[in-house]
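J.: So you can see what is in the structure, the chains are spelled out below.
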Amino acid sequence: MLRRSWLRSTSGTIASLALASLAKGIPSPPALPHFTPRAKRVICLFMSGGFSQLESFDHKPSLLKHRHQPLPDSIFKGRTPLGMSRLQSAFPVQPSPFPFKQHGQSGAWFSDRFPALTRHADRLCFLKGMVSDAVNHDPAIIFMNSGNQLPGRPVMGSWLSYGLGSENHDLPAFVVMVTRKTIDQPLSSRLWDCGFLPAHHQGIPFRAGREPVLYLRNPDGLPPELQRRSLDALRTVQLDELALRGDPATAARLEQHELAFRMQRAVPALTDLSSEDPKTLDLYGPDSRNQGSFAANCLLARRLCEHGVRFVQLFHPGWDQHGELEKGFADSASEIDQPIAALLDDLNLRGLLDDTLVLFLTEFGRTPYAQGGAKNLDRFGREHHRNAFTCWLAGAGIRPGTIGTTDDFGFDVVDGRTTVNDLHATLMHLMGIHHEQFTFPFQGRDFRLTDVAGNLISPALL
Amino acid sequence: MPRLPFVISALLLAASVRSEPTPPVSYNFAVRPLLSSKCFACHGSDANSRKADLRLDVRDNAIAASAIVPGNPSTSHLIQRIRHSDPDEVMPPPEKHAALSPSEISLLETWISEGAPYEKHWAFIPPHAPPIPAPLKDEHPIDSLVRAAATARNIPLAPPASPSDWLRRTSFALTGLPPEPAAAAAFIANPSPAARSALVDQLLNSPAFGERMATDWLDAARFADTYGRHEDANSSVWPWRDWVIRAFNNNLPYNDFITWQLAGDLLPDASNDQILATAFQRLPVQSNESGSDPEEYRWDQVFDRVHTTSSAFMGLTFECARCHDHKYDPFSSKDYYQFAAYLNNIDELGLFSRYSNGVPPPTTLAYKDQQQDSHQSLLAAITAAEKHLAATRAAAQPRFTSWLAANSPPGSPNGLWNALTSPSARRPHSLPAPSTHLSFDFIEPRDRRLIADSKPDVLTDTSITGSAHREGRFGWCATFPRKITLPATGNVSRAQPFSLSFWLKIPSPHPDHGVILHHSRAGLDAANRGYEITFENGKLTATLAHFYPGNALRIQLKNSPDLSNWHHVGFSYDGSSRASGMSLFLDGTPQPVTIIRDHLTRDIAYLDAWGDLDSMRVADADYADPVTLTLGARTLDASILSGAIDELRFYHAALSTAEMSLLAGSQPEDPAWFDWFLREIDPDYRAALAALNNARRAENDFTIPLTEVMVMREPKGPRRPTPILNRGDFRQPGDPVQPGVPSILLPLPDNSAPDRLGLAQWLTHPDHPLTARVAVNRIWSAFFGSGLVPTPEDFGLQGQPPALPDLLDWLAVHFIKSGWNVKALCREIALSQTFARSSSISPDALARDPSNQSLARGPRFRLPAEQLRDAALAVSGLLVPTIGGPSVKPWQPEGLWEESGTQHTYTPDSGPNLHRRSLYTFWRRTCPPPLLSVFDAPTREFCKVRRDSTLTPLQSLAFQNDTGILEAARVLAEQLLAGSPSPPDASSLAATAWHRLTSGNPSASQRSALASLFSDSLLHYQAHPDQAAALLKSTGATPLNKDLAPPTVAAAVVTIRAILNSDAFLVSF
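Protein chains in written order, with the numbering used here: chain A, 1 to 462; chain B, 10001 to 11069.
It is possible that part of the hints are untrue.
As the list claims (entries may be wrong) - Listed next, the stretches of chain A that the computed footprint assigns to chain B, with coverage defined by at least 3 CB atoms under 8 Å from CB atoms of chain B:
#1 72-86
#2 135-142
#3 193-205
#4 210-224
#5 255-261
#6 443-452
As the list claims (entries may be wrong) - Below, computed lysine-lysine pairings styled on DSS-like, alpha-carbon distance capped at 30 Å:
#7 B:Lys-10716 to B:Lys-10368
#8 B:Lys-11042 to B:Lys-10889
#9 A:Lys-327 to B:Lys-10483
#10 B:Lys-10889 to A:Lys-181
#11 A:Lys-77 to B:Lys-10096
#12 B:Lys-10558 to B:Lys-10505
#13 B:Lys-10505 to A:Lys-40
#14 A:Lys-65 to A:Lys-101
#15 B:Lys-10483 to B:Lys-10505
#16 B:Lys-10137 to B:Lys-10817
Bear in mind the hints are in silico, worked out from the structure with no lab data behind them. Ideal Cβ positions, reconstructed from N, Cα and C, are used throughout, including at glycine.
Isolated chain B (complex conformation) (with noise of 0.2 Å):
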């Protein structure tokens, strides 16, 4: 049940006081809650529970039921059966507990008396600035309006805080870390306002700046460093973290920020950064559990793109319209699929790798430094060598006419024979000897396994019997299902030319999926990483895969031939990482193909580099073996089940179609022989050619530590359709929708692009009423430790309302005016009056305004989790300032991710890497950092627009305990005991723990208190000085200062860690 916002008493209340005339009662703010939360239940939208037919939701039908007599509430059956004195009859029933005060029912009938006017939810209406209520001199709008509704609410203000306090919040409030002292003590020296503002510009000009305000951005992102589902590996998406950090530095308008994450790939020329920034969207949790239907999860992600789009900017969710029409705000399934259908246009599988570590496509590469210029200049010297071979091959035919005159090609009847037996005979050539021929024929008797003919040391990995070995197309061969691993055999790069030669005899109707011959781990489970030709849809199909679909060469015969009889079956490709660098041949004939896929950028191999062979990420034992050439089967993929093959062979080298044709049977005539002449012997070619193949080499090379970001890419082509899913189910598809949005909030501006742009201008259009609103509640929250509407995930019509609806509307409106900028927003804030009043409460405030809705005092909430372990690590010296990188692993309990079932190790880092800030550290989706988890950080599997600040003992207990802030306490107190006299005054140490830790000063009971306990405490470990030492011993893994007794140090520790506790370390006040 939603709360009465105070807006009703604000209201009520004012008219009251003031003798002007009262302001008409806001349907929005004031009836539509009361009769939501007294009528809707059973005259409401929901027409199951509807009573006595009756909705009082939709004006037209309260009046033609005649509940509401617009201007006479006399009259109106609403008001009669609200008063009526027959529990019989009264409204609503006294068994619902729900009786209306005299003051709601005299509000209903003011309401009707001035014609019962009802309106569209209040968030549904562009902003407009409201009038500023007699701004007092020099006064921010900000505190005009806050002041005049505590004013009409009749709620003093609260003086200002102390500069100590103001500047403590300011700092966590802008960077989320205490004031460091040496500024804090220049600050208190002088607080002016002019020194206030000068700190707040240096603040927001911190790197710090960008981090506080990424944080808060991650949780809505749902950002974290796994995939989050079932195996969960790592996922390597931080270089998209470090842009959300440049982006608040850089102070990116926010509308541009909205428009980068959902269509940076889409804007003319686009950067890195702005391709990079798309990383947002392609957060959702994915699985790799072998078995699941690719398609049913990559539907996921796009439940989640649209559930996150829709949280994250515009405060709503459409999810309720996934399975049917949303029952309380008004979006339709249509609504939903249509602003599906915006991000359901990537070529992603849904699914990550088992059995690689690849990065689910589409992808881009997060470049340093110079990277980006030196893969520049490796493609632009492929493309030079590629031109060079075109004009070398132009140029060539005279030399191939020439050396024809005394050279007879491969296969020619004036062959070996002719040379030997006729001097003037030209000179016979072979074609090029496989790298690899197993001809079936050959047997080792003891395992019968076979023997390749290219090399006798070569057997296969399986042995061979009975049926499965039989008389063949030349000799003998093998048949299906049967699987024949040839070790060592065909690895190859992206970037190296390879063709395949076999003979293939297979029943019909052809399979609709089964493996001829792969150089892979697994199909689908292994993202098709490596090559492989199959049946696909019954038609016999070559892939080239770093991860299918996205990043693949795919092509596939356009027709279905009879394969009966044995036939020819040849493969070739150039090593171009093109789909036109590759043919199919039937008995030497290039076959017509249609291109399923062809966008490869990443190599084909399984790389120790890229973490393929870690046995911890592939853990399967078997899956760590050495890929190799293999025939007929793989793991987790289906078999052919009846059939033959005879005759492979692997060459190092794209085979031309004469050489096919020849490995066919056919003989062809001399020119046909040109492209084999030019790769095997003009030596201008060869050249060429060579330098070609290297330099596709260097690019690949290249690219191979880089790392991998999923981001957004559009393939060419038509759009993927999207269908209506009949109850959400990818298995039921309906009828098929465009890209479109809900029309209620904004129509589509006229020719907006029917794609992610599109999208980005319909949410930053300035008359969009959610996004600014979203934007300014969320960076409101950041101040005040929750927004201006509770419900930050909910704007909709079952949120809670503002209770200061102006204040919320000025912002937006000034946020668009401002040209979304964020920083400025935040300075004003930060210097607003508001934000600088005293936070403490009395007891009458209390009891008046408990969660400080009207904002008459400061704002003070517990720290965010991040803040409170930064803290730590800032004010013991310990935090290390870097900004960005591969996140990091800090102390936590020693076994927690083993015990937890995650089937995964962790191991702290050492070093630096253990005193970063907080929102470095290692995100695992299944088993999230528990200190920060334990203060309400979410799991990140998705997006979370909202902390709650729940109270715990865990809470109580992690604090004390977690090794990395026992560390900082011990850091400290080394500190402070280094420059005390020996032994130290417990009363000043107290103190100065006390400033250190919080920057202010203790009261004088809580100096002696905290003095009283050192004291104890050094007579303790005094008397204890082994366990002294077994304190210090459990305080991570900064070198003690030997310079110091153990037990004043230990003593100083238990000093610092009861401060640590308290509320003047863990709240901002």
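Pulled out of the complex, with its shape left as it was, chain A reads as follows (with noise of 0.2 Å):
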């Protein structure tokens, strides 16, 4: 009796209490959004490697021109080439060994190894004129998902999750997706991390196979049935508990056991793409049955963006095409071209992509010149390139079209120059939230997700 009273009596405020106890130094989330947001939740379709502009989106006819002569001097301008191939002694120019074709009433580019992504060439908005900070591969993806070259910040869907929180309480509000592959250079949870943010915000990796989320599964031989047996006791032991000590940490940690309960059947029932019309998996590719591979990935993120998921992330590597460039790229965009359509159909098709944002980003682009030099042309590639490389955003918010020029070499941004701090405050634009007062105080200073910097992309919001 003594217990039911006590917790009637303080249970509109267990939860703000318990959190006051836990929370010593931490201070308390913002009132967000700011104001009306244009997009509920986003999909960031994260190309691990850097993705080559060239061979994608960025047609550059003056590459085929100039094949195989030194880049001009008039584009290095007295530059040093930056990486591995600061090292080089020739710096000749390699056209992309695919044809390009302009699709859509806007007339976009787009190299034949994007066919299906094609029909929405009215729906993206491309930036060719991103630009970076970094040139290495760590650094650089970073800094692409926290503003920041060294670990240490949260990352963007960190940030929302600490700022919107999820929509959906029986799941994560970040969740984050690895394409099983193999990989050409390595990731790192930091990529996920919430850097100084509470914990709770880091994304969740979901992973492919039976075990979605980690240590999701009871061990075998414990069936749900005796797991909510055995949550039933537990609730006892800790309301006796709550009754006798009196925290009311007590009672909070009794709803994650609740919670963690109800994700163990509500994730796997998500992650189960069985229950997908088959329309829809094959709308997705082959490669949508294949656990873990992209296609099911971006399927998973549309089911996940369902179910209020906020900020949903798929990382796919096997972009860093230093040599072999044509096959290799031809690979991996053979890996994504049919699924990422597929996705924005979908979404499309179920309305979603009216209040989801979905971002095509990568950590930079590739050099005009082929890596190696003058040697081994015929199997070339390509050096990192932060000074112009090209993303896209579509969805909600979102005005299709082409914002940035490169030169005709795509080597330096024209105009309609783009920064990672401008993606950043654009993305926050979308969710809601000006990006420059929303800040978080971590020894004597207010952080950012866009540090000191960062303008709207406006020409790029509706």
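Given two chains presented individually in distinct reference frames, assemble the corresponding complex, making use of the accompanying hints.
T.: Structure below.
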């Protein structure tokens, strides 16, 4: 009786009191959104390794004209090449092996490696003037995700989890999926780390196979009904503990046990694609039936969005073509073209594209000159390039079109330059957040995703 | 927005209930937080957002603007505006929703009427021992201070905790482990003050104390088992972790704890441990990505050292000042780079190696047992052999003279022909044969591969065609750019003498950087491991490296001779691991050289013993090829673009000048052949040389298996200059600065050394305002779950001030006076009444002080990640108490590393290593141990001095389903059942399990709930024995007790698992 009445009298405040007792030194989250958001959730398709703009969307006929000639000094402008190619002695211009065509009413350029995606030509907003500060994978990829080249800052998804929380209390707000394939450049859990934000804002990796979330499965031989029975006993134990010791965290922990139990049912149901209409699976392509493929992850991303997950991030490695670019790029492109096109269709069909923002990002682009100099041009590759690369946005609040142009060689941005901070500012804006006002105090400073910079990419906005 | 500390209300309350004169209002603890939260945003230090050009954070400005009229609140504009009734005039503006309460306004008025004194930030004033308010009999100052503050705030003090609760929390606080059952029973039987005291001593003296205290420090020191970036290879720094454990167990005074870690290497006659301690400064994350600029990454190490040193020891970061003057705290960019200058003087590359498994220098060897003595005697043997060799040489001149009478040195005109034709002529001699000679004249026709003259069965790996093969110095030559590899050639250790001889033609100007020949896998990407002859800065350079630059020899020609026609180049090395043992010859003449690097203590070869041949570590297949002598080019390095090379010879000996001269086409006079004579002819010298070479080889061989650890070591010579970097960009160096400290904290003492030792002395100076406060705050949080300053990472102006500043200061001053005695401080906290209070929370107490800032009740917090797992292992008896050693791999979900994209494979250990304490768990920075991560353990990529305590469903899942936790549950279940009747009594099983897991007793309803869980589970498993078997199969590798019925064990596992996930187990209470 005592227990029940105590619970009743405090039930409304249990959560807040539990937080108060836990959250020493942690500031309370701000009241967000600042204004009516255009997007409720985000799917971020991250092409890790350095996706070549020159083989995809930034069509440069000049490269063919100057094929294998030295990259003109008027383009290099006396700058030192960076990365591995700084030791290179020659910088022969290398055209793309893939033909380009214009598509849609907008006449957007696509190479022939993206036949399916072309049907969305009028849906995408290309940022062809993207620039980055970093030229090595590790700093560049963490920069694109957290706005800083060194580990320790929260990534995009963590900021949004902290600021906006989850729409579905049975699921995490920030889910990450890495394509199961041979990985050319290593990834790190820091790409979904929440830095100084409270730890539960880190991205939760969803994995292919029997256990989509770490530790989700009860051990073999412990069926759900016995788990339920066990939780009921644990409930009695906890409530008595609460009555005896009076710590609201005891009740809050009980809630977490219940939430975990619900997750044990909800997550496998969600990740089990066998309930999908075969037509939908076909739409995403044959790979969609292979767990852990990019196609399956795209389909899963749609399902997570339907269930209110705030930020779904897919990492697809396989773009670091320092050599043998033609085959490497074509292989990786074939893994993403149909699934992405299907995802956009699928979201659109279900009305989700109206309030879901889709981001197609990479850490940097690639040089217009061949890597390795004049040797082995038949097996050419391209070096990392941070001065100009292409990302695109689609969906909620996005005005289709092309922003940014590069010079004839795709080496520098001529106009419409957009930075990583600009991209982050725009992301925040679409989520109803003033990026400059969304901060977290840590070690004497108010940190924000956009650091000390970032301008809205207004032409990208409806 | 910082919360108002409760001192404000305490002061107000004190003012209302006491008749004695009230203390003046504290600017630091009452006024400043109020102004900061309500006013400074628009009237503070940030000029960009300042309104009406008014700043209130500087007293003179506030007075000049009449915002504050000291002594006269009513004429102060500040008060007038705050009290204004016109919404257009009132401050803060209504839209800020920050109106001041009447008590806040009256606080400001009182402060102004008292003269509106401003104060330096509280944490920048050295702590002074506060007066102890009317202590009760035998009351410890800690308890007096807490009692007085709580009384002032009208918060009732909680009663003492039960002996078993106290025992449990004390045991976790001091050892990170639950009480041992036998000791617990003895204590509960007689929980006298003497017994408490004895128990605390026993815990403090147990080796587990060091492990427990070390765990917190590992977060601050960002200790992990991998380098952290890009390929994230293993880093073998665990000997440092073991040092931390030793330091706590030996009760190393905290000032020494700081000094050793910052500057142990600079102490007089530094011991191994003192040097090893400096590994603390070598734990920043490192990358190994090809194409990285090492200088950029080297600066990242320095930045991280500044960040960690300031955060871990001072609770401050100067980080903002890296790019611009700090906005809130009084630190300028100059302060930042002066501080960085202390930490910017080691010979480091900034990257770890891709193509070797070398440990980035500077390093030390982590000796075990007698290894250091053995090493010293091996080094002494080398010195003795060198002396003996020199003495033999000094005595050999007469032998040479007499030898010359009957013999002629190589190349003499009175050579073979004379000997044949004139019997009285001297006996002729010739140069030693090279072990490899490539004249470039002979080509195998099918693949056009070059044939070695020295051994016709040796062909180069590459074919040579067209203009690559043209007329050379003698016969044919090879032209640059070219890569020619000679299989199985030129393999040497640093203890072996060798020489190279070749002809070279390179047009001027010489390349800034280019490879002539090398025996390595790559340049920078292999940290130049091996040896090489290159152009550096346009000058001919010879290098032997274990890991460039910190463990290498490099000499460089002082001048830049014209090589546009054929010239002979010679290089010799005597096996001494000294730059003075290297010579560069041009046309047979030794050249004046600059010594660029002169520190080589580890072999220049790629060794299996070091993992250099491990294809998982050095992943790219072609780099796993055997390393061999290669001409002209190498992986990921610049080639020489034009020129040619001819007549390459490799010798397993250090050729003398006379020999080089002869190879270059001159004929030296007889006396010049002395060194050749000694090495080739003189038996005494040859014996002495062989002995020396053997001694060097023995020393090199001895060091190979020793564990190498990154440490700090100042190189000889002038300090590396430290410039202020404009906007923190290493490409924009500005004015150089000298080592220095932010003097607002404490000026440097006179005659302070401008090195890390000087920095350590400053930090540990008794007047330093932060060091002791930060230390006691950290130790306090080991007992109470959080510090007296709730933001231990920020003691600066933006941090939250302590609710009990007097207690913090008393502890700090007392700590310094005790000689920075960590165990003594732990003992006093552990035996305080404050720590011994019940942690049960009444609704009233919860409402008054939800987070227990007042410390009126005992500590209650979820145990840290490591302690949760360790406790599960301990109660089941599985815990293996071995201290230290390489990190271990317990169970973790299969496929985690692989599927996260780390490119690493996780294989759990077997046997005892599955059950070691969690601080020994292998910590991969790109994928930290998941069970610990889920319970808020950091990634260890950077200094972290506070762990959040979150509450998530993933914790629930992890602790219910982790194999290691289930294993503990099953092993405990078997133990309990083995001692129970069959079938066991459900109720007593529940009670026994509860007691083993929590050291306490369940309530009646808890007991009956668990008993019925057991009974129901037993029924279930008796009906489904296959499930019982399946469950037991999921519980780790410890062999099952076959005497027990699987359904009974399975039911007990389910029951124990429930208790493991209850607060009675998870929480320190």
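J.: Next step is simple, just say for each hint if it's right about the structure.
T.: Hint check results:
no., hint, result
1, 72-86, "holds (count 5)"
2, 135-142, "holds (count 5)"
3, 193-205, "holds (count 6)"
4, 210-224, "holds (count 12)"
5, 255-261, "holds (count 4)"
6, 443-452, "holds (count 3)"
7, B:Lys-10716 to B:Lys-10368, "holds (28 Å)"
8, B:Lys-11042 to B:Lys-10889, "holds (27 Å)"
9, A:Lys-327 to B:Lys-10483, "holds (27 Å)"
10, B:Lys-10889 to A:Lys-181, "holds (25 Å)"
11, A:Lys-77 to B:Lys-10096, "violated (51 Å)"
12, B:Lys-10558 to B:Lys-10505, "holds (19 Å)"
13, B:Lys-10505 to A:Lys-40, "violated (69 Å)"
14, A:Lys-65 to A:Lys-101, "holds (17 Å)"
15, B:Lys-10483 to B:Lys-10505, "holds (16 Å)"
16, B:Lys-10137 to B:Lys-10817, "holds (23 Å)"
Violated hints, listed in ascending order, are 11 and 13; each of the other numbered hints is respected by the structure.
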